[in-house]
Amino acid sequence: MNTILYKQQLSQDVFLMRLHAPLIAEERQAGQFIILQTDDDYGERIPLTIADADTIEGSITIIFQVVGKTTKHLATFNVGDKLPALLGPLGKPTHIENFGRAVCVCGGIGVAPMHPIAQALKNAGNHVTVIIGARTEELIILQKEMSAIADELIICTDDGTAGIKALVTAPLKELCEQELKPDIVIAIGPPVMMKFCAETTRPYKVFTQVSLNTIMVDGTGMCGGCRVNVGKEVKFVCVDGPEFDGHLVDFDNMIARLNAYKEIERTHYKCFVEKAFNKNVKEVQL
Amino acid sequence: MSYKTTAALQRQAQILLKEFAPKATSLKVKERQKIPAQEMPVQDPELRSHNMEEVALGYSFEQAQVEAFRCLQCAKKNCMEGCPVKIDIPRFIDHIAKGEYEQAIAVVKETTLLPAVCGRVCPQEKQCQLHCTLGKSLKDIDSSVAIGRLERFVADWERINNKIVIPAVKPATGKKVAVVGSGPAGLVVAADCRREGHHVTIFEAFHKLGGVLRYGIPEFRLPNDIIDKEIETLSAMGVEIKTNFVVGRTRKLTDLIDKDGYDAVFIGTGAGLPIFMGIEGENLIGVFAANEYLTRINLMKAFHADASTPVYPSKNVAVLGGGNVAMDAARMAKRLGAEKVFVVYRRSENEMPARKEEVEHAKEEGIEFLLLRNARKILGDENGRVTGMECLQYELGEPDASGRRSPVEIKNSEFILDVDTVIVAVGNGSNPLISQTTPQLDVNKRGNIVVDETQQTSMKKIFAGGDIVLGAATVILAMGEGRRSAASINELLAAANT
Ligand SMILES: Cc1cc2nc3c(=O)[nH]c(=O)nc-3n(C[C@H](O)[C@H](O)[C@H](O)COP(=O)(O)OP(=O)(O)OC[C@H]3O[C@@H](n4cnc5c(N)ncnc54)[C@H](O)[C@@H]3O)c2cc1C
Ligand code: FES
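Chains A and B, in that order, are what the protein sequence lines are. So that you can map any letter, position 247 of the first sequence is 1070 in our numbering, and since no number is skipped, the others follow by simple counting. So that you can map any letter, position 348 of the second sequence is 412 in our numbering, and since no number is skipped, the others follow by simple counting.
Do not take every clue at face value.
Here are some of the chain A residues that sit facing chain B, going by a computed Cβ distance under 10 Å [to be verified]:
no. : residue
1   : N825
2   : E850
3   : Q855
4   : T861
5   : Y865
6   : V890
7   : K892
8   : L910
9   : P912
10  : G1048
11  : E1086
In case anyone wonders, no lab produced these hints; they're calculated from the structure. Predicted model only: the values in this text are computed from it and were never measured. Ideal placement from N, C-alpha and C gives every residue a C-beta, glycine not left out.
In isolation and in its complexed conformation, chain A is listed as follows (with noise of 0.2 Å):
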């Protein structure tokens, strides 16, 4: 089980992989997700989105980012190697239906969990435009795949090397303002990101859906340490989420909290690389 099926490395730091899961691939929705470790003994248990599921092919399909010391980690593993910890499909499915009008905004690999949930509203009937947003070209991820989905598909680049040079709250302005609104926005990405685009529909009162990346350990609702403040109640995002109303979620705590441990988290990350590839590691951006 979990053995690697197949890795692309997407962009300079963002690799895609394969993985065999059969009742993982058998039993996922779009908007789930899985926790993995690199190791069952000492690793920490960290939660990526399933991007794709193959179930002839009995696997599953993550895409993630080095960010720090596990993701580095997990570069490493290549085609063959097995996974020793895999756990999911973990939290509620996206709920999809006809909404009407839909509007994905994505930032960065936040593409990747997006895909199977535009996919998903467009087999429901909805139009669906996907926004994707990047620093720069070469991080745009998954535009080909996007693009055969999409009725409308709008690239948004910092430095303007590919579509417009916006960030993705703009043209996600410009669609709330035309005559026929958004019915659904969903937006995954950055955490900032999705607080502004919350910000951006909230005085057009578009529903907007978020789905929420927090710290984890077990995923299954038993520690409370992947809690956020929604509205006036706390949420566990392993079993309530991932998804939530972007309106209601208290996104600077939430922001905040991901922030806990990220001295000891560089730390962490400068060790492993120091000792795995044998380079000295002087500034680490996380």
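Starting from the known structure of chain A, arrange chain B with the ligands on it as the hints suggest.
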């Protein structure tokens, strides 16, 4: 109590043994009453509050024998009444008195599966030892025969001397039993059903087995080796183990029966749903549910230099609650280097649900108890990190539904505790994962699975037991429910055969 070393306690016991051993069989009640209760050897408090090694070191042979001499061998075995699994206590103690350890452990194992665990973590002062005639006659429960320590002694003797016998397994029946969750309840069901010759699979969400024994109760109270050994025994019996498998998600509960051909399912998923206080500031950085704090350290080994899972660096820690979980979290925080650790509990020490020994150990290790105090608000800085906790003082009022005197707030008694970490250990609800994904399964208002007297749920072929049925309870009660469930499953499968 001043600290006595293991060697000193052993020497004292040697002297007592010389005196009493020759007349062991003819000792009068009066004489037995006079034999001093044997103190448990422990690691030096200052030393142990900086390491993860087990605190209680276990009796020497001499101490075990002297303690066994204290047992009055009552005809009416009151102690057994207090034991949820009805171990024949006087009989196993009599074997220890005679130095017959193999027979002693055999008696214990007639009715229990995990004596090395129960000897360490059972609240004996509320169970067997509460009913001990010796303790009653001396009007001091601390003078009861140390039944738990003797249970631990024989279980350790068996394990250390490689005397563990793999239970015999009957010829294969061709029937399949699924056990969901590998806490004490699940482990017992697996062993008991496997013995009957059924194929047994344990499904566990985590990557390691043992449930709370692994992720909750710390190494310094229950070493992992002991759990490993139990699991080795189950594997040797031919129990199949599937880790990283969440029933309800990786596979629907009903699919285990409908698609995978299991003839019966046992749900032992525990009380894994942390309860928070619902006060302001509970989502600040530095506030943890005890489950998270302990899991990071016990299961994920965050204290270890090689571990990837981080643990929060703390200087002053407040732990909210008065149960075993609170004691474990407080003592763990101390071991991880916290300078000050406070247990904040809103009732008095008498009402604390924790094992008495744990409270004493915590005090010896320098944990400060702020009793009749409760948190009102957690304070934070502009970065969202904890900077303190506002507390209120209480006094005891009328007894409440649980029979405990309920705390009443004292007006204008607010004060601020200078802490950077708050660990919430005020209880656990039932994990809703299975019930949410199995709507046909009956649960009560608190989310506990409803079972009948045979432990069967509202669904045929599906049984449940342990904390998921009882609410957060104890290891021994979970095991007892496992026993009953396994008996019902074995009966069901035998009936299906004829
Ligand atoms: C910190 C702490 C200290 C304690 N100290 C004591 C003590 O000193 N003495 C005492 O008697 N009791 C103590 N207890 C209580 C005791 O540990 C529990 O009552 C007991 O472990 C319950 O056993 P169980 O088998 O019902 O469930 P658990 O031990 O909770 O095990 C349940 C298992 O099921 C798994 N699981 C959950 N959902 C799923 C799913 N859907 N699919 C697959 N697997 C799943 C979980 O991962 C877990 O491993 C303590 C509890 C804690 C948390
Ligand atoms: S990750 Fe532990 S409760 Fe969600």
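Hints and how they fare:
1. The beta carbon of N825/A comes within 8 Å of a beta carbon in chain B, closer than 10 Å, and the hint placing it at the interface holds.
2. Using the Cβ-Cβ criterion of 10 Å, the hint placing E850/A at the interface with chain B is satisfied: the shortest such distance is roughly 6 Å.
3. This hint holds: Q855/A has a C-beta 8 Å from the nearest C-beta of chain B, less than the 10 Å allowed.
4. With 10 Å as the threshold, the beta carbon of T861/A comes within range of chain B, its nearest partner Cβ sitting at about 8 Å, so the hint holds.
5. Below 10 Å, beta-carbon pairs count as interface contacts, and Y865/A has one with chain B at about 5 Å; its hint therefore holds.
6. Hint on V890/A is violated. Least Cβ distance to chain B is approximately 13 Å, over the 10 Å limit.
7. At its closest, the beta carbon of K892/A sits 5 Å from a beta carbon of chain B; the interface hint therefore holds under the 10 Å criterion.
8. Given hint, L910/A at the interface with chain B, holds; its Cβ is 4 Å from that chain's nearest Cβ, closer than 10 Å.
9. Given hint, P912/A at the interface with chain B, holds; its Cβ is 6 Å from that chain's nearest Cβ, closer than 10 Å.
10. With its C-beta approaching chain B no nearer than about 4 Å, G1048/A sits inside the 10 Å limit, and its interface hint holds.
11. With a cut of 10 Å, the hint placing E1086/A at the interface with chain B holds, because the nearest CB-to-CB distance is about 9 Å.
Checked against the numbered hints given earlier, the structure breaks only hint 6 and satisfies all the rest.
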